[in-house]
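Enquirer: Modelling step: build the complete structure from the supplied sequences, incorporating the hints.
Residues per chain, in single letters:
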Amino acid sequence: MTRSLASPLRALGSPTSRYIARRLVWMVFLLLVVSLVAFLIFYALPSGDPAAQRAGKGADEAQIERVRHMLYLDRPLYEQYFHYIKQVVLHFDFGFSYSNNADVADQLTSRLPATISLALGAAVIWLVVGVAIGILSALRPRSLFDRIAMGGALLGISAPVYWLALVVLALLSQSYGVIHLIPNTGSYKPLTQDPGAWFTSLLVPWIILSLSFAAIYARLMRANLLETLDQDFVRTAEAKGLSRRRVVMRHAVRAAITPIVTAFGLDLGILLGGAVLTESVFNIPGIGRLSYDAIQDSNLPVIQGTVLFAAFFIIIANILVDIVYAVIDPRVRLA
Amino acid sequence: MWARLKRDRVAVVSLWVVVGLIAIAILAPLIVKLFGLPAPDFQNSNAVDEFGQPTGPTGANPLGVDQLGRDVASRVIYGARISLSVALLSTALSVVFGTLVGVIAGYFRGWVDAIVSRMLDVLLAFPILMLGIGLASACSIGNGCLGGLITPGVPVVVLIIAIAGFPYIARIVRGQVLSLREKEFVLAAQSIGASPWRIMLRHLVPNLVAPIIVYSTVLVPQNILFEAALSFLGVGVQDPTSSWGQMLGDASKNPDQWWFMLFPGLALLTTVLAFNLLGDGLQDALNPRKRR
Numbered sequence: 001m002t003r004s005l006a007s008p009l010r011a012l013g014s015p016t017s018r019y020i021a022r023r024l025v026w027m028v029f030l031l032l033v034v035s036l037v038a039f040l041i042f043y044a045l046p047s048g049d050p051a052a053q054r055a056g057k058g059a060d061e062a063q064i065e066r067v068r069h070m071l072y073l074d075r076p077l078y079e080q081y082f083h084y085i086k087q088v089v090l091h092f093d094f095g096f097s098y099s100n101n102a103d104v105a106d107q108l109t110s111r112l113p114a115t116i117s118l119a120l121g122a123a124v125i126w127l128v129v130g131v132a133i134g135i136l137s138a139l140r141p142r143s144l145f146d147r148i149a150m151g152g153a154l155l156g157i158s159a160p161v162y163w164l165a166l167v168v169l170a171l172l173s174q175s176y177g178v179i180h181l182i183p184n185t186g187s188y189k190p191l192t193q194d195p196g197a198w199f200t201s202l203l204v205p206w207i208i209l210s211l212s213f214a215a216i217y218a219r220l221m222r223a224n225l226l227e228t229l230d231q232d233f234v235r236t237a238e239a240k241g242l243s244r245r246r247v248v249m250r251h252a253v254r255a256a257i258t259p260i261v262t263a264f265g266l267d268l269g270i271l272l273g274g275a276v277l278t279e280s281v282f283n284i285p286g287i288g289r290l291s292y293d294a295i296q297d298s299n300l301p302v303i304q305g306t307v308l309f310a311a312f313f314i315i316i317a318n319i320l321v322d323i324v325y326a327v328i329d330p331r332v333r334l335a
Numbered sequence: 001m002w003a004r005l006k007r008d009r010v011a012v013v014s015l016w017v018v019v020g021l022i023a024i025a026i027l028a029p030l031i032v033k034l035f036g037l038p039a040p041d042f043q044n045s046n047a048v049d050e051f052g053q054p055t056g057p058t059g060a061n062p063l064g065v066d067q068l069g070r071d072v073a074s075r076v077i078y079g080a081r082i083s084l085s086v087a088l089l090s091t092a093l094s095v096v097f098g099t100l101v102g103v104i105a106g107y108f109r110g111w112v113d114a115i116v117s118r119m120l121d122v123l124l125a126f127p128i129l130m131l132g133i134g135l136a137s138a139c140s141i142g143n144g145c146l147g148g149l150i151t152p153g154v155p156v157v158v159l160i161i162a163i164a165g166f167p168y169i170a171r172i173v174r175g176q177v178l179s180l181r182e183k184e185f186v187l188a189a190q191s192i193g194a195s196p197w198r199i200m201l202r203h204l205v206p207n208l209v210a211p212i213i214v215y216s217t218v219l220v221p222q223n224i225l226f227e228a229a230l231s232f233l234g235v236g237v238q239d240p241t242s243s244w245g246q247m248l249g250d251a252s253k254n255p256d257q258w259w260f261m262l263f264p265g266l267a268l269l270t271t272v273l274a275f276n277l278l279g280d281g282l283q284d285a286l287n288p289r290k291r292r
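Chains as they are written, first to last, in UniProt numbering: chain A, 1 to 335; chain B, 1 to 292.
Everything labelled a hint here was simulated from the structure, so no lab data went into it.
On a predicted model such as this, the values are computed, not experimentally measured, just so you know.
By construction, the Cβ of each residue, glycine as well, lies at the ideal position given by its N, Cα and C atoms.
Accuracy of the hints is not assured; some may be wrong.
[Stated by the list, open to error] Taking beta-carbon pairs under 10 Å as the criterion, some of the chain B residues facing chain A (in silico):
(1) Leu27
(2) Leu131
(3) Cys145
(4) Ile212
(5) Asp280
Expert: As structure tokens, this is what we get:
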């Protein structure tokens, strides 16, 4: 499909902008595919009658029929899909929750700040810690520091985040921990309301969530930097008489960090769609907790909303990373 | 490769741990009986306290019981079965399907490759975890999906994980085949009239074993965690079959009962760690030039 689009896009000028335009077209295509798959999963596959569930427990036949007609559920599937896309794209309408009849789109937007707070805070920690440990380890491979750091990193990628959270809560939680140190789960307050409580309630979730990512980034950074330090341009820089510090920071790290940028964009995109596991254990009222609760009561419209929302973030992050990559790394083939 | 692996002490220890875990999984009923533990789905209503809360370790239940009075120790031992079988089965499916698709795309090139690569691009950019969660939860209502064909449980979990993993294998295999197919031994096979299928299966696949082993060892621990996460969220392995992730999901609703979450978590951590260490060891053994 990209080839057929190439000719009208040639008018757009530089190869980079043509590349960006092609990625954006690809993004729209992906979003359509995801929405189609989500539609099939939530409308075509389930055997439960959505109209009956929508209408509630005490509804009689006539009420169910009315709901069926109202939600286009009596039309053929392709018409339903068209209606569904139109609602999502034009009206940002994801339907209404089964349990409390709340507008799913409103619920998603009201939950977004908590998720952004959690994801961004953790991202800062894991980026700084992961990259720093990776660099230090690569500079002294097989040293005591390297061994301890890489052992810790291996533990970090092997431990499930929700279990670490449960362990930390069992040790430190204010209500039932061994030491009563950290605030109870569910004590999240919005930043605009109470910055102090916002910070203290998110501090531990930030650390827990960032652990496995920091471990992955440290391993990735170490491996890339070790490889880069072996390359000729680093030897050239050393031969020029540059200081070790300058060789490492300005030459080697700069070349080794591009895969980290990619991973960072993708991971952040995934988390912005809801850190389901962390949010559910710490009871942080973000999108992840919303989808966890919806899964527990089989609240399909809400699950569907969170799935589409998360998919949207993941796809956007993918495309943004591609574009950023093409701009910062001239070796990327734009063809 | 085997000789190099044997010199790596950490890898050898982790290999033994993996072998031990597989033995535990296979011999689960025997081990449970040997220690005199209750069966994993036996609900002992006397074991929960007067408020219906799980109780901690006792003589009869060395690791305590869960919210239904089921023995945690015996459920953790049985959990190894699910964890390992789901992870190994889904990895095997990913590898077989990924290799097949990758070899075909790489060998035939042209329009076959174009179509396959596009589809892989879609799958790689696809939020498969989210859609898997959606699929499993949509199919948990009523009689499941497609008239009861898809209901949440082990087969759906295996399928979701396998679909999430195979594009990576396919892409790597395709890249390898693109360069392998230009080598002399393939030309030689073509010149004596070997069929494409014979060349792919007898000449190309054996040369792909090393990279495939490396990527499957990366995939296994990831898939263990994937299954645990799905089960933790309640869309994976369903009660009464015990899975570590699902036990942790139940435990997160009673977070003050430490025994309930500690032991399944430790089992999960040990297993994933052993597979990760073994994977690192195998990668080094297969790639001797890599600096450690």
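Enquirer: Going by Cβ atoms only, is B/Ile212 closer than 10 Å to chain A?
Expert: 20 Å, violated
Enquirer: Should the hint that B/Leu131 touches chain A count as held when the rule is a Cβ pair under 10 Å?
Expert: Given a least distance of 6 Å, the restraint on B/Leu131 holds.
Enquirer: Please check whether B/Asp280 passes as an interface residue: C-beta within 10 Å of a C-beta belonging to chain A.
Expert: Holds: closest Cβ of chain A sits about 8 Å from B/Asp280, inside 10 Å.
Enquirer: Holds or violated: the hint that B/Leu27 contacts chain A, with Cβ atoms closer than 10 Å.
Expert: 24 Å, violated
Enquirer: Would the stated hint for B/Cys145 survive a check requiring a Cβ distance to chain A of less than 10 Å?
Expert: With a minimum Cβ separation of about 4 Å from chain A (threshold 10 Å), the hint on B/Cys145 holds.
Of the hints listed earlier, those the structure fails to meet are numbers 1 and 4, in rising order.
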